[in-house]
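Protein chains in written order, with my numbering: chain A, 1 to 360; chain B, 1 to 565.
Pairs of lysine to aspartate or glutamate, EDC-like flavour, derived with a Cα cap of 20 Å:
#, chain 1, residue 1, chain 2, residue 2
1, B, Lys107, B, Glu44
2, B, Lys520, B, Asp462
3, B, Lys146, B, Asp95
4, A, Lys48, A, Asp73
5, B, Lys405, B, Glu84
6, A, Lys340, B, Asp371
7, B, Lys146, B, Glu94
8, B, Lys89, B, Glu66
9, A, Lys158, B, Glu211
10, B, Lys520, B, Glu222
11, A, Lys158, B, Asp203
12, A, Lys158, B, Glu205
Since the hints were made in silico from the structure, they are not lab data. Here the structure is a predicted model, which means the values were calculated and not measured.
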Amino acid sequence: MSGLLAAMLEATGPTLFHYVLVPLIKIAIVLFAGVLPLIMYLVLAERKVLGFMQARVGPNRVGLWGLLQPIADVMKLLVKEDVVPRRAVRWAFVLGPCLVVAPAFVIFSVIPFGPPAATEGGISWFVTDINVALLMVLALATLPVYGIILGGWGSNSKFSLLGGLRSAAQMISYEVPQGFALVGPLLLAGTMSLVGIVEAQRDLGMWFIVPQFVAFFVFLVAGVAESNRNPFDLPEAESELVAGFHTEYTGIRFALFFLGEYANMIVVSSVAVTLFLGGWLRPFPSVEALSFLDLSFLPAGLGGVVWFSLKLFVFLFVYIWFRGTFPRYRFDQLMALGWKWMIPLALVNLFLTGLVKVWV
Amino acid sequence: MAPTVTVPTPLPEKFPEGTVVEQEGMDQPTWVVQREVLKDLALELRDGPETQFDLMLDLCGTDYPERDQRFEAVYHLYSLPRGERLRLKVPVTEDVPTLPSLIDVWKACDWFEREAWDMFGLRFDGHPNLRRILTHEAFQGHPLRKDYDPARRWILTEDKIYRPHPQPPEGEDDDDIFERMTINIGPSHPAMHGTFRVVATLDGETIVASEVEIGYLHRCFEKMAETHTWQQVIPYTDRLNYCSSFINNVAYCKTVETMLGIEAPPRAVWARTILSEFSRIMDHCVANGSTLVDAGALTNFWYMFQPREEIYGLLEACSGARLTVSYGRIGGLSADLPPDFEARCRRLLEIIPPFIDDVDGLIAKNRIWLDRSVGVAAISGEEAVNWGWTGPCLRASGVGYDVRKAHPYDLYDTVDWEVPIFHGGDVHDRYRVRMAEIRQSLSIIRQLLDRGMPEGPVIVDDPHIALPSKEACYNQMESMIYHFKLIMDGIQVPPGERYSMVEGANGELGFYIVSDGGGKPYRVKVRPPCFPMMSTFSRLIEGGTVSDAVVSLGGLNVIAGELER
Numbered sequence: 001m002s003g004l005l006a007a008m009l010e011a012t013g014p015t016l017f018h019y020v021l022v023p024l025i026k027i028a029i030v031l032f033a034g035v036l037p038l039i040m041y042l043v044l045a046e047r048k049v050l051g052f053m054q055a056r057v058g059p060n061r062v063g064l065w066g067l068l069q070p071i072a073d074v075m076k077l078l079v080k081e082d083v084v085p086r087r088a089v090r091w092a093f094v095l096g097p098c099l100v101v102a103p104a105f106v107i108f109s110v111i112p113f114g115p116p117a118a119t120e121g122g123i124s125w126f127v128t129d130i131n132v133a134l135l136m137v138l139a140l141a142t143l144p145v146y147g148i149i150l151g152g153w154g155s156n157s158k159f160s161l162l163g164g165l166r167s168a169a170q171m172i173s174y175e176v177p178q179g180f181a182l183v184g185p186l187l188l189a190g191t192m193s194l195v196g197i198v199e200a201q202r203d204l205g206m207w208f209i210v211p212q213f214v215a216f217f218v219f220l221v222a223g224v225a226e227s228n229r230n231p232f233d234l235p236e237a238e239s240e241l242v243a244g245f246h247t248e249y250t251g252i253r254f255a256l257f258f259l260g261e262y263a264n265m266i267v268v269s270s271v272a273v274t275l276f277l278g279g280w281l282r283p284f285p286s287v288e289a290l291s292f293l294d295l296s297f298l299p300a301g302l303g304g305v306v307w308f309s310l311k312l313f314v315f316l317f318v319y320i321w322f323r324g325t326f327p328r329y330r331f332d333q334l335m336a337l338g339w340k341w342m343i344p345l346a347l348v349n350l351f352l353t354g355l356v357k358v359w360v
Numbered sequence: 001m002a003p004t005v006t007v008p009t010p011l012p013e014k015f016p017e018g019t020v021v022e023q024e025g026m027d028q029p030t031w032v033v034q035r036e037v038l039k040d041l042a043l044e045l046r047d048g049p050e051t052q053f054d055l056m057l058d059l060c061g062t063d064y065p066e067r068d069q070r071f072e073a074v075y076h077l078y079s080l081p082r083g084e085r086l087r088l089k090v091p092v093t094e095d096v097p098t099l100p101s102l103i104d105v106w107k108a109c110d111w112f113e114r115e116a117w118d119m120f121g122l123r124f125d126g127h128p129n130l131r132r133i134l135t136h137e138a139f140q141g142h143p144l145r146k147d148y149d150p151a152r153r154w155i156l157t158e159d160k161i162y163r164p165h166p167q168p169p170e171g172e173d174d175d176d177i178f179e180r181m182t183i184n185i186g187p188s189h190p191a192m193h194g195t196f197r198v199v200a201t202l203d204g205e206t207i208v209a210s211e212v213e214i215g216y217l218h219r220c221f222e223k224m225a226e227t228h229t230w231q232q233v234i235p236y237t238d239r240l241n242y243c244s245s246f247i248n249n250v251a252y253c254k255t256v257e258t259m260l261g262i263e264a265p266p267r268a269v270w271a272r273t274i275l276s277e278f279s280r281i282m283d284h285c286v287a288n289g290s291t292l293v294d295a296g297a298l299t300n301f302w303y304m305f306q307p308r309e310e311i312y313g314l315l316e317a318c319s320g321a322r323l324t325v326s327y328g329r330i331g332g333l334s335a336d337l338p339p340d341f342e343a344r345c346r347r348l349l350e351i352i353p354p355f356i357d358d359v360d361g362l363i364a365k366n367r368i369w370l371d372r373s374v375g376v377a378a379i380s381g382e383e384a385v386n387w388g389w390t391g392p393c394l395r396a397s398g399v400g401y402d403v404r405k406a407h408p409y410d411l412y413d414t415v416d417w418e419v420p421i422f423h424g425g426d427v428h429d430r431y432r433v434r435m436a437e438i439r440q441s442l443s444i445i446r447q448l449l450d451r452g453m454p455e456g457p458v459i460v461d462d463p464h465i466a467l468p469s470k471e472a473c474y475n476q477m478e479s480m481i482y483h484f485k486l487i488m489d490g491i492q493v494p495p496g497e498r499y500s501m502v503e504g505a506n507g508e509l510g511f512y513i514v515s516d517g518g519g520k521p522y523r524v525k526v527r528p529p530c531f532p533m534m535s536t537f538s539r540l541i542e543g544g545t546v547s548d549a550v551v552s553l554g555g556l557n558v559i560a561g562e563l564e565r
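Let the sequences and hints guide you as you build the complete structure.
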């Protein structure tokens, strides 16, 4: 492996190697070895876990324990007929799903899955580390709502339109507390680089969930709402709006919406892990006695990736757990929760954090 | 099961001689009323302190082509405070089949009058919306008239369909109007359990006007019953409320049994009571499960359906079928109970409560569920009675009417149980009433099991009613003849008419049956408990949001098979 990389470095020269080739390889790995299989098997895991919670088995016919089920589902969705309703607005109908998926994938480029390179010129466990990463996350996380609105409106169906409208109102409302919640860790860390925020937690000796518990809570709730998951799944409430904004979608376009929803779940979870749960850090990063938890016997900082993945899976499980537990909010209740509780809570937290930052 | 108390005959002077005549020799007090005085009499009956007939249970037509006044509109009234029944018959001629509409007296008449118009062509003066309800808009003729050929077929095309146009309330400023949107919820929609159609005009998410369309599952049950022998009707009754089909069997069989003057043997009665209660549990599980799944609480749906699954196992062991059991027979049951019947029941008593408790534990104090259900689609007891409600939904509105307590049948007066009553009248209390009733049903079953299974046959020993055993049929001349006569001619039920009722899973399930003494029923009318409740649906959902409408439908437990017959 390292021999191969050295040979490539030799062949391309350091600039091309570090700024084009390595990022491209990393993107390919993150997408095709990381996110996409994770989404596929997240769907399976969700069905299995829900089945376990609901006194039934879940998929178990395709492959051992249903392990090949996601592949069968993908095949099915790929070969299905692609129906565009005759009176749909075609460009909006086509653009909608893409706008949901693409931003979610772009966000993965700044998520630090593991520690940066230990040595100069080494390979670090993220695609890029930019100093406005948090702003970029916020900006991109807002985009999927356009896709949903476009899809819902472009379908030319009343149920889709209602779903799209619900979604617009919901996502804009929860964008605000989510943004405020992110400012807490930002203030504590003093940087917008996600790598920097994790390193700040290491220097502080504790995860930001401890000083920023309220922000974490607000972020979690808003994140669930952002990704349209139960109990905030109103835009696609199947018993009310048939399937909400994606009622008219079939085949691969439907799959894109589906992909987008799960990608968003993973994005929100990753950001939460990075900001509040110490990213790749082990628990109690300041306690020397626990240093064996660093898993330093693993090569090249892989231990950090293991910790990141574990935390991520806990988050994803919580998402599924929510779905197995809660009924759905009504639209007005959802808005009341967002504006009357989440935003004031986030503001108070922000104010207190600011006070602490100034006087302590 | 005639009431022991007769209705006092007030008959004040304002009704001229001969306009209200008591008909003798009936199963319950029956008055023949001239249509001119019908409305005054109805008001008198509803409001009079001596009468208080506040519940209009059923309105149906009957057709006697040989009479001068060919049609009869038959009203079944019930007085909740006094526990008495009254039947009004209003004869009308074929030339002028017109009656006054009683919507102003009992709102329940709304859909029942439309049904009588649809089926018999009876016209109700003053009905605001008298059009077909069960059959297609382009249907010609009135199918339950005796001269309507049951084999007749129609091709009904799309362009003749009535297009509902809910009328938004008047007097709001026009600026809002363009914001409004009319959507079709159903007939094919995940929330419409069955095939109903609600056309709702929305202002944002709020329903400002709505119209409910039914009839997509109409199968002419009542006409079919007239063309089949008495026994052959039983499988059709399965398909009324198919969530608790056994209760329908019992209701029908008991009505015919009382007409025949026979009683099922103790073993059959015991089993009927137990299986009816199990069916009720299943039905309540479906109603609550679908309410919760409509509210987005998916897990509870599976937890509520697991007991149902287990109970199906018991029914399958008894009858060989799971959903449409056809286990009841006139005079008893179709087959003896399986040898492990008691053990199976005991096992069910053990496995059902944890599921119920789990759902209650997960949902009873859940803030979201309370926000979604408390005060949603609420109706007061008084109003619910006026709309003709019965059953768990009425008991959720604070009116404790339960046929099993008020007019006990089978073994219900020998066991110790309570009628759960809640007072909110909303989605939440409908849920709670059902949960409480499931526990009561389990208690009833436990008491009956403790009493032990009575020995003996499960069907009456009467060759004119019960089929002979297969062995006897193959080996004995008489048995073979009896078998032949029963299959070809059917049971000969003496002429007469009878209304008898049981407590169905969603309300009073009544059968009004007229026999002309032949091997086939002359007229079978089901009083479907969910019919009046569905007619109230528009009233319940207007002013609420789409989400409220969706979450309130499951709790009404409207079963399309029974609603539309």
